[in-house]
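Participant: For reference, the chains in residue letters:
Number of protein chains: 2
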Amino acid sequence: MNAAPDLNPFRPTKQRQVMLEELAKANHPTACELYERVRLRLHRIGLGTIYRNLELMAASGIILKLEVGGSQKRYDAQTEPHYHIRCSRCGLVENIDMHVIQNVIAAASRKTAYNIIGHHIEFTGECPKCQRKARNACLEQERSFV
Amino acid sequence: MNAAPDLNPFRPTKQRQVMLEELAKANHPTACELYERVRLRLHRIGLGTIYRNLELMAASGIILKLEVGGSQKRYDAQTEPHYHIRCSRCGLVENIDMHVIQNVIAAASRKTAYNIIGHHIEFTGECPKCQRKARNACLEQERSFV
DNA sequence: CTGCATGCAAACCGTTTGCATCCCC
DNA sequence: GGGGATGCAAACGGTTTGCATGCAG
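Residue numbers (my numbering), protein chains in the order written: chain V, 1 to 146; chain A, 1001 to 1146.
Worth flagging that the hints you see were computed from the coordinates, not collected in a lab. This structure is a prediction, so every number in the text was calculated from the model and none was measured. Take the hints with a grain of salt, since some may be wrong.
[Unchecked claim] In silico negatives: residues of chain V with every beta carbon more than 10 Å from chain A: (1) Leu20; (2) Glu21; (3) Val68; (4) Gln78; (5) Lys111; (6) Arg143.
[Said to hold, decoys possible] The calculated lysine to aspartate or glutamate pairs, modelled on EDC-like cross-linking and capped at a C-alpha distance of 16 Å, are: (7) A/Lys1065 / A/Glu1055; (8) V/Lys73 / A/Glu1067; (9) V/Lys111 / A/Glu1094; (10) A/Lys1111 / V/Glu126; (11) A/Lys1111 / V/Asp97; (12) A/Lys1111 / V/Glu94; (13) V/Lys111 / A/Glu1126; (14) V/Lys65 / V/Glu55; (15) V/Lys65 / V/Glu33; (16) A/Lys1073 / V/Glu67; (17) A/Lys1065 / A/Glu1080; (18) V/Lys111 / A/Asp1097; (19) V/Lys25 / V/Glu94; (20) A/Lys1025 / A/Glu1094.
[Claimed, not checked] Which bits of chain V does chain A cover? Going by a derived footprint, with three or more residues having C-beta under 8 Å, they are: (21) 84 to 96; (22) 102 to 110; (23) 121 to 127.
C-beta atoms are modelled at their ideal positions from N, C-alpha and C, and glycine is treated no differently.
Full structure from sequences and hints, please.
Facilitator: Okay, structure coming up:
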């Protein structure tokens, strides 16, 4: 009699375990940011492993691959639908505590012949830190005028 | 007396003129797609010129650089704020004829300490063409079962 | 004539992939 | 022991950049 085939495609390795832990602690990290974090605990891990596992986890729905602006993809441990805000200066991405707008998909469905699967709202703006920096730079300049 | 400095940073070259014309005709093209179009009319143009000018035009607000999902950036001749829908299969990006949700920025402002500059809603789904393709592939398979 | 704009090609950066080795089941 | 997972490094695709030349003002 054959052993039942392994239906779960996910073998829980040390690398995957640490990746998930660090992803949960980090704030929408890029693959490289996650790599740096994980490397502090598993110093021989390769970037390829990070990318391969992120891809697998996203495909299986364990994590979310964020299709946000900017040149690098970001990853999120929170898989319930939610919106994001991205700082136009430093690129930081944060959750925005807003209810998903239920009507928006219905409205969009009425407008197109697409079979709509999902949606994402991304706000852009200056994060508090960058606002402070800009203000300080401004004061600096005023002072130099005196 | 000095001549007034050229305030418009934009020298209207043949390349820029053709780029803008083709961008207006194309449907949210990537830089490469625009390059192919422009090359039919100016066959010695280089990709570098395309990227450089797209960047300049976006910076000066003449066109829009779309921060949509996918690995390539896309560009849009329509600069008024509007939303997009992207096919999850073929990557096609189209405008969606929906009013910009005015309340959404106010709501987001209340929720964060960010200085919010803008927002973008991106829907994902299957475009009609890809839906047809999928349906046909399905029929094909059913037929092979008979 | 001057300096911005161009064509060309090399460099760059993020990501993917091939392969030998490792290790979990 | 076997097959999936890993580390490593090379390849890849999209974008940016340096430089000599061209061309608009």
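Participant: Compare the structure with each hint and give your call.
Facilitator: How the hints compare with the structure:
For V/Leu20, the shortest C-beta to C-beta distance to chain A comes to about 23 Å, beyond the 10 Å cut-off, and the non-interface label holds. Chain A leaves V/Glu21 outside its interface by the beta-carbon criterion, the shortest separation being 27 Å against a cut-off of 10 Å. Residue-level check failed: V/Val68 sits 7 Å from the nearest beta carbon of chain A, not beyond 10 Å. For V/Gln78, the non-interface assignment is confirmed: its Cβ lies about 16 Å from the closest Cβ of chain A, beyond the 10 Å cut-off.
Not every C-beta of chain A lies more than 10 Å from that of V/Lys111, the closest at about 5 Å, which undercuts listing it as non-interface. For V/Arg143, the shortest C-beta to C-beta distance to chain A comes to about 23 Å, beyond the 10 Å cut-off, and the non-interface label holds. This hinted pair checks out: A/Lys1065 and A/Glu1055 have alpha carbons roughly 8 Å apart, not beyond 16 Å. Using a Cα cut-off of 16 Å, the hinted pair V/Lys73 and A/Glu1067 holds, with the two alpha carbons roughly 12 Å apart.
Restraint check for V/Lys111 and A/Glu1094: the C-alpha separation of about 12 Å stays at or below 16 Å, so the hint holds. Our distance criterion of 16 Å between C-alpha atoms is met by A/Lys1111 and V/Glu126, whose separation comes to about 14 Å. With a C-alpha separation of about 6 Å, the suggested pairing of A/Lys1111 with V/Asp97 holds against the 16 Å cut-off. Using a Cα cut-off of 16 Å, the hinted pair A/Lys1111 and V/Glu94 holds, with the two alpha carbons roughly 12 Å apart.
Proximity of V/Lys111 to A/Glu1126 is assessed by CA-CA distance (about 14 Å); at most 16 Å being required, the pair is judged to hold. For the suggested pair V/Lys65 and V/Glu55, the alpha carbons sit about 8 Å apart, so the restraint of at most 16 Å is met. The suggested pairing of V/Lys65 with V/Glu33 holds, with an alpha-carbon distance near 14 Å, which does not exceed 16 Å. Taking the CA atoms of A/Lys1073 and V/Glu67, the gap is about 12 Å. The hint holds against a cut of 16 Å.
The hinted pair formed by A/Lys1065 and A/Glu1080 meets the criterion: a straight-line CA distance of about 12 Å does not exceed 16 Å. Taken as a hint, the V/Lys111 and A/Asp1097 pair is honoured in the structure, with Cα atoms around 7 Å apart against an allowance of 16 Å. With a CA separation close to 13 Å, the supplied pair V/Lys25 and V/Glu94 stays within the 16 Å bound. Distance check on the hinted pair: A/Lys1025 and A/Glu1094 sit about 13 Å apart at the alpha-carbon level, within 16 Å; holds.
Counting residues of the segment 84 to 96 of chain V whose CB lies closer than 8 Å to any CB of chain A gives 5, which reaches the minimum of 3, so the coverage claim holds. Using a Cβ-Cβ cut-off of 8 Å, 4 residues of the segment 102 to 110 of chain V lie near chain A, which meets the minimum of three, so the contact claim holds. Check result for the segment 121 to 127 of chain V against chain A: holds, 7 residues qualifying (beta carbon to beta carbon below 8 Å, three or more required).
Violated hints for the displayed structure, listed by number in ascending order: 3, 5.
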